[in-house]
Every structure is written in C-alpha cells, then in structure tokens.
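Asks: Whenever a hint applies, use it, and build me the whole structure from the sequences.
As a plain string of letters, each chain reads:
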Amino acid sequence: MERNPMRRQLQTMRKSLFDQGHLDEQFVQLEELQDDANPNFVEEVVTLYYRDSARIILNIEQALERKPFDFNKLDAYMHQFKGSSSSIGAKKVKAESTVFREYCRSRNGEGCMRSFQQLKKEYATLRRKLEAYFQVARQAGPMETACRPK
Amino acid sequence: MVSGNSASSSSLSMKSDEDIVNNNNNLRVLVVDDSPMIRKLHDMYLKKFGLKVQVAENGKQAVDLFHFGASFDLILMDKEMPIMDGEEATKELRTMGVTSMIVGVTSLDSPNEKQAFMEAGLDYFFTKPLTTDNISFILQELNKKNNKN
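So the protein sequences, as listed, match chains A and B. Everything in the first sequence is counted per our numbering, starting at 22 for the first residue and increasing by one. Everything in the second sequence is counted per our numbering, starting at 624 for the first residue and increasing by one.
Quick caveat, the hints were computed from the structure, so don't treat them as lab data. These numbers were taken from a predicted model, which means no experiment stands behind them. There are no misleading hints in this set.
Coverage of chain A stretches by chain B, computed from C-beta distances (three or more under 8 Å per stretch; other residues unrestricted): (1) 47 to 61; (2) 67 to 74; (3) 95 to 104.
Some chain B residues close to chain A (C-beta under 7 Å, calculated; not the full set): (4) Pro-659; (5) Met-660; (6) Lys-663; (7) Leu-664; (8) Met-667; (9) Ser-730; (10) Lys-751; (11) Pro-752.
Where is the CB? At the ideal position from N, CA and C, for every residue including glycine.
Replies: Structure representation (structure tokens):
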C-alpha cells in the first residue's frame, strides 16, 4: 500500500485511466521502458503523440471541409492517427478511429463527421487526464516499477 | 517469411537483462520511420536490448546511409514515409545487394499491401507498435542468421 499521499493519488489516477478504458496494455509497455536514465520517457513519448495527432486532426478537419469527401484520403489520415494512438495505448481513441474508418469504407459522410466529433471528444478527454496525471507524477517523483492494471 | 502482430509483452527480468545486453552489444540497428514518436519508442526498446541504434526519417535517408558505406545488422522499416516509402527503400536496398535483416514495422491492415511490402524484400513483418516479444523474436532470428554465416 503506497504511503505517500501524492503517489497514492497517482496510483488512483492511473487505475482510473485503465478502468475507464482510456488506456490499454501498450501504455504499460511504455512505462516498462522508463528507467532512471530516462525518467520522463513516457511523458516525452506522449508529448510527441500530441504533436503527431494534432497535425493529423488538422489534416482531417481540412479534408472534411472539402466536398465531395475524399474518403480514401480521410481513411489514410485516420489510419495514421490510429497507428499513433495505438503506440501509446490510447484505447478509446483507437476504437473511435476504427469506427471512422468503417464509415470511410462505406462512403458514409455523415457517419464520418459524427464519428470525428466523438473522436475529438475522446482525444480531448484523454489528453486532459494524461496532462493531469503527468503533473501529479512530476510532483510525486519517480515511481519504482510499472505495475500492470488488475 | 513470417509476419506477426503485437503480442503480449513480458518484462525483461533483471537476470536475463545482462545476458541479453551482452549478446547484442555488437549489433547495429537502423530505425527508419517518419514519426519522431515511433523513432523514440523503437530506439528505447532496442537500447534496452543493448543494441546500437541509428535513426532515419525516410527511405531515402536509409538508402543514402548504405550508399555512403554504413552497414547495419537489422533495419526496422516503416512503410508509409514521405520522399521514399518503405517498400521502395527495401527494393532499392536489396537491389544494392544489402543483406541486412529488414523487418517491416507498420500499421498496414490491407493484406495486399502487406504482401507487396513483404515481396519488396522483407525478412519479417510486424504490426506497430513493436513489443519486447517481437524484438526478442527478431534478435533470436538475427543471431541464428549470423551464426550460419
């Protein structure tokens, strides 16, 4: 049982991210790579993810403003976004990316737009929660080992 | 030729870490990917296994490295990259006579695209992101290949 209140808070936040389905096993893999020589590795990777994903989201937004929709292009962008999101274990974001791609394949423009709105919500939620998590993590200091969610 | 996808991972145990690192100290890897995030991630994975890692941002940079005399035991090659994609870079490297192990690492999900990428000259293919199990497998195969030569 973690005695340090900040670390307890961190553990609670972390558990919640997994329990609510925002993160999957891939995030644990990132944590396992972090060590004393690279104590901020996970946050650095996630920060790179934000940069990657912001660019792709903008590309998709611009593509959705052009009519008729280029579904192949939209699908390609979302494929990139899904790949990126998978790399940090962004489970809900990845799931919504799959929904969007299905709409692209069935040439359903309305579906694409609805799905994209939902995806942006999931992304914003994840980003907000991770930013809060890393803020607490920085204050709490280095954790000893990554532990797998139950 | 074998394809694989992300497998469940296992942590590197303290006892096996040292052995693994010592065995891999002389192996050089080139990570070819246009995503800074993926380059960072794979760089870290590979360094944990004691490998010497260099990165390239696209297929052309990878090919140029070989033209300038660089050599690598293993190349991790993304498919979708600007300037020169992974498929073209792989074909080019094989045409140049490069015999390094080339492993495709991509989020492709079309079987035809995967097939075309394999046929360009890959030894193996894995879905992004790589896991420690994938890397263990690759290194085992690389060591087998090096022991045969």
